[in-house]
Structures are given as structure tokens and as C-alpha cells.
Amino acid sequence: MHNVIQAVILGVLIGGVYALMASGLTLVFGIMKVINVAQGALVILAAYLSYALFTHLHVDPFLSILVVTPAMFVLGVLVQVVFVRTLRGPDASELSLLVTWALALGIEGVLSVIFKTTFRATNPSYANRSWDVLGYQVSEVRVLAFCASAVLLLLLSVLLTRTRFGRSVRATVQNPTAAALLGVDERRVSTIGFGIGVSMAAAAGAVYGVLYPFNPGSHYDLISRLLSIVVLGGLGSLGGAVVAALLMGVTEAVVAVEISPTWAAFSFFVVLLVVLLVRPQGIFGLRERTL
Amino acid sequence: MSRATAASLVRGGAFAAAGIAFPFVVHAAWIVNIGVLTLMYATLATAWNLFSGYTGYISLGQVAFFGLGAYTLGISFEHFGIGSGYNPLFALPVVGAGVALASLPVAWIALRTRHMTFAIVTLTLLFVVQQLAFNLHSLTHGSSGLMLPTPTFDIASYDRPFYLAMLALLLAALGLCWIVLRSKLGLMLLAIREDEEKARGLGVRVTGAKLVAWWLSIAITAMAGGVWAYYLTFIYPESAVDPLVMIGAVLMTFLGGRGTLWGPAIGAFVLVPAQQYLLTRLGASELYLVGYSAVFMVVLLVLPRGILPSLRDAIERTRERRRTHGKRITRREAAA
Chain A
0 MHNVIQAVIL GVLIGGVYAL MASGLTLVFG IMKVINVAQG ALVILAAYLS
50 YALFTHLHVD PFLSILVVTP AMFVLGVLVQ VVFVRTLRGP DASELSLLVT
100 WALALGIEGV LSVIFKTTFR ATNPSYANRS WDVLGYQVSE VRVLAFCASA
150 VLLLLLSVLL TRTRFGRSVR ATVQNPTAAA LLGVDERRVS TIGFGIGVSM
200 AAAAGAVYGV LYPFNPGSHY DLISRLLSIV VLGGLGSLGG AVVAALLMGV
250 TEAVVAVEIS PTWAAFSFFV VLLVVLLVRP QGIFGLRERT L
Chain B
0 MSRATAASLV RGGAFAAAGI AFPFVVHAAW IVNIGVLTLM YATLATAWNL
50 FSGYTGYISL GQVAFFGLGA YTLGISFEHF GIGSGYNPLF ALPVVGAGVA
100 LASLPVAWIA LRTRHMTFAI VTLTLLFVVQ QLAFNLHSLT HGSSGLMLPT
150 PTFDIASYDR PFYLAMLALL LAALGLCWIV LRSKLGLMLL AIREDEEKAR
200 GLGVRVTGAK LVAWWLSIAI TAMAGGVWAY YLTFIYPESA VDPLVMIGAV
250 LMTFLGGRGT LWGPAIGAFV LVPAQQYLLT RLGASELYLV GYSAVFMVVL
300 LVLPRGILPS LRDAIERTRE RRRTHGKRIT RREAAA
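So the protein lines, in turn, are chains A and B.
In terms of numbering that gives the first Met the number 0, the first sequence opens at residue 0 and continues consecutively.
In terms of numbering that gives the first Met the number 0, the second sequence opens at residue 0 and continues consecutively.
No wet-lab data here; the hints were simulated from the structure.
One or more hints might be untrue.
What the hints assert, rightly or not - Label-pair ranges, simulated between beta-carbon atoms:
| no. | chain 1 | residue 1 | chain 2 | residue 2 | range |
| --- | --- | --- | --- | --- | --- |
| 1 | A | Thr117 | B | Ala96 | 41 to 47 Å |
| 2 | A | Thr261 | B | Leu103 | 46 to 52 Å |
| 3 | A | Val157 | B | Ala313 | 52 to 58 Å |
| 4 | A | Val73 | B | Ser83 | 57 to 63 Å |
| 5 | A | Gly88 | B | Asn86 | 46 to 52 Å |
| 6 | A | Val73 | B | Ala293 | 20 to 26 Å |
Glycine is no exception: its CB is placed at the ideal position from the N, C-alpha and C atoms.
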């Protein structure tokens, strides 16, 4: 039992970071029906940026979120304008899947040219410290990572529910045509929305670099998890993504201690297939009507 | 036989003849090697098109079954003894049919979801199979890779049997596509691509049609995987289930023209030699990746409909212009 509870704690802490990455993915899908396959690569890019800031300028990885996030927001806006907006026609959604995949390959390639393919990790002095809470080991960086993710997710939800911009985002998610008729500037919402989606990847990336060793190819592992999370939660549902991410974290951690670590990553795919068998639209997803 | 049927048969026959003659005329091993790869990608792209191009459901996981085919053949060497020389190649149809049959339950679950979700679920399949190849150590030897017995072919023309096997697969794939396009199944698939709800309302058995197309597509893909494994004699999880192979096949289909008969093969014939050239010139796989993604972007953003449809449009337009031009002259003559 002790092991299971320890695993659940670990799973929740990890799941929080994945929730942050997935929130950007599902937000972008909600607004413009675009699946950003490059989300994983953008996380890795941010991890490298934060790594570079840490090794060269000794900036704390958690502080570097404040630098990396705005920079990647600009990058996200550029990507949306150059690659995503140019796609038109009935296949635009499917084409965007492939364009962002190509973008992911491009990022992987550029990172491998600059940093080579050896694994890196951002190692601040507190990386290996942990607290002892009621007999359970709780790693300091994981708690920090979880808190940072929770704060950012909270900020995102405040942005979406309490501001004028958030209202236009939600309107576009629900019904783009009606929103446009009521004066929502869809292009602006899409561009800024994409930027925000990428910033979430950026913030999570800075944290990811502290938690795991990474190399340019790590984005495949990330994107397969992130896509499973957003599909499981229901495409476009922010709450669904958070629940699914926590579910994934806990499932993997528990399978790792109770069955075998080699099957941990696999277990979540089984959960995904079973859920899709019962609810093809995901846990909190709405049925796609047309598309 | 109608004229169109005769014309396509002649076209197919000429292509087959040229394809068979090629390795007997050109002996340089490195060229035949590029030929094998080109035919492999042409087969994969054509098979991908058979499902995704005709139904409009973009599957990003076909390469998972390429890997399954490769591993199935490799594992049968160890456990069943399927002979040497040409014999393993004759076992391929069984491998293909079996892998495709085994994929049906998963395909059924995935096809319950709609387009975008389907694409994502198939993409995760790719990672599932790769993970399985890592984890089922007793069968696949995990990350240390699976060694196949060295084929007992003459060194001087070592690549030729594989070339011919891939060519046979490509011809089979093209033949299947041709038959499907002219059959009732083809019409059903087209109806699904245009408007699935309406098709269902009209009594088209949409799930059945999609599954048949999926089965055919996967069977060919898995067989190509088998030939590839036997050719390389060494496979490991990252090489057998390589997202780059998947994206390559998709890219070639887009370049040539989705939903057309010859488009995917044409895309492969343009891209694979170029890709091999890039690979030898740039060497370092990092720069190669950057070049590859750049080509992909350009194709998607500039020529999203593909070579064949764009070409067809251009020809149509010039014909139209000539016709109206001709009319104008006759009108002027009439006035005179």
C-alpha cells in the first residue's frame, strides 16, 4: 500500500506538468481545429533554451520560465502566421497535422545540429533533494514543477473566463461563425491563441528539462503522450486534458511499481483504447458533428 | 473492353515491363539499391493512398504494420523455419493477410472516432507497436535488434530478387487500387470521403467499406515490411517502426496527388532518389532532417493538391482556352 500511495503522489506531480503541455494543445484545437504535432518539439526546444540559460548565464530553470515563455509566445505567433494560417480549404485541419509534424522534424533537426544528440539535463543544486512527508519521499523539484504548472493553468483559466479576450476565445471554440458575426476577430483570436498554446509548451519545457534528461529526439515520446491525453480528455476540453494528464501520470506510476517499469508507458495506451471503445469522443469531449 | 480500360492496361503493362527490365540493364548495385527503396516507398505510399487517399481518413500509423510485417517475418525465421533463398518471399502473402487481420479490431475501435481523432489514435499506434517491439524481449530481442539469416543470393546481383519482390508488391498495390477505383467499393469510399453521414443515410455500409480498404492497405504495407526486413537482415524497434518512413510515404502521396491511381508512386519516384542524394551529400542525419522538413513544408504549402491533379487542371485549362479561342475565330469568320 505504501508503494502505491508513493506512486500516486509521484503520478499526480508528473501529471500536472503534462497537463500544462496538453492544455496548449487542446486550446489550439478548440479554437482553430488544428492539432499541433510540434507541441512536443516545442517543449524540447524550450527545455534547451532553459538549459542554455542555466549553463551559460546561471539562470534558475524555474526563473527562466519568465524569459522562455514570452520568447516562445512570439515564435508561436510567427508559426501560426507563416505555416498554419496559409492552409485553407476543406482539408485544412488534416493538412495542419502534417505541416506541424514537418515543423517538429525541422525543430528536431535544428536542435540536433546545435546541441548534438547526447542527452542533457538541467541540474540546479536542489535537483536531488527531497522532503519526507509522513514517511513518503517527495522530490523538491517535482513539487516545484507541479506548483508552477498549477499556477500557470490557473492563470490560463482566469484568462479564459475573466477577460474579454477569453470570452472571444470561448465563443470561437463554441461556434466560430456566430462568434465572427458578433464581431470577434477570428484571426486575432487564432493567432494569439496559438501563441498562448506554444507558451504553455514553453513553460512546461523549462520544467521538463529539470525533471528528465532529454535529447532532440525526445519529442516523439512527448507527443505520443500528449496526443493520447488530449484525445482521452476530449479534443478541445481544457478540464478533460487536466483530468486525463493526471490519470496518465497515476496509471503509469502505479503500473511501474506494481507490474513493471517497462510496461508503464504502454499501460496508458491500453487505457486510451478502452475509453475510446466506450466513449469515442473522449471523457469530456463533445461529439464532432460535421468534420 | 472500353478504350479507357485498354489504355490503362497498356500503361500498366509498359510500366511493369520497364520496371522488370531495369535491374537487368543496370548492374551497379547502388543504383539497384536506390531502386529497391524507391519501389518500397512507392508501394507504401500507394497502400496508404488506398485507405487514406480514398476514404479521406488520414492514418498516421501505417508504418506500425510495416514494422509488424518485418518482425513477423523475422520471428518466423527463428521459430518456424520458413526456408532460405526465395522461399521466405513466398510466405509473405500469409504474413500480410495475418497482420492485416490482426489489425482489424484496433482499426474498428479507431474508426469509431472521427477524422482528427482517428489520425491521432493511429499515430499513437505507431508508438504502441514500437514499445511492444522493445518490451517483448523474448520474441524481438528488444533494443538489441533481431538478426535474420543472410539470404543466399549471388553477390553480383544480390539486390535483384528484392527489387523484383518490391516491384511485384507495387504492381499488386496499383492493380488493387485500379480494381477498387472501378468497383462498387471505390464508389462507397468516395461517398465516405465526400460526406460520410449522407453516405450512411443512403445505405452505404460505411464501417464495412472502410475496414475492407484498411485491410487491403495494411496487408500490402505489412508485406513490404517483410521484404524490407529480409533485405536488410537486421531490424530493431526504431528502424522497423520509423516515424520518418511514415511521414515519407504521406509526403510522397501528397506530392503526387491524393486519391489518384499513379500519384503516390510518382511522388515516390521523384522524392526517394532526391532523398538518397541528400542523404549521401549531407551525410549528417541532422541536416538531412532539416532539409526533409523544408521539402515537406514546401510541398504542403505550395502544392497541397499534388502533381497529378494540378497537371490535370493545367491541361484542362489549356484545352478550354483553345476551344474558346477557336470559337472566337469562327465567330469572326461568320461576321466576315
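These are the hints, each one checked on the structure:
1. A:Thr117 x B:Ala96: 41 to 47 Å: 43 Å, holds
2. A:Thr261 x B:Leu103: 46 to 52 Å: 27 Å, violated
3. A:Val157 x B:Ala313: 52 to 58 Å: 53 Å, holds
4. A:Val73 x B:Ser83: 57 to 63 Å: At 60 Å between Cβs, range holds.
5. A:Gly88 x B:Asn86: 46 to 52 Å: 49 Å, holds
6. A:Val73 x B:Ala293: 20 to 26 Å: 22 Å, holds
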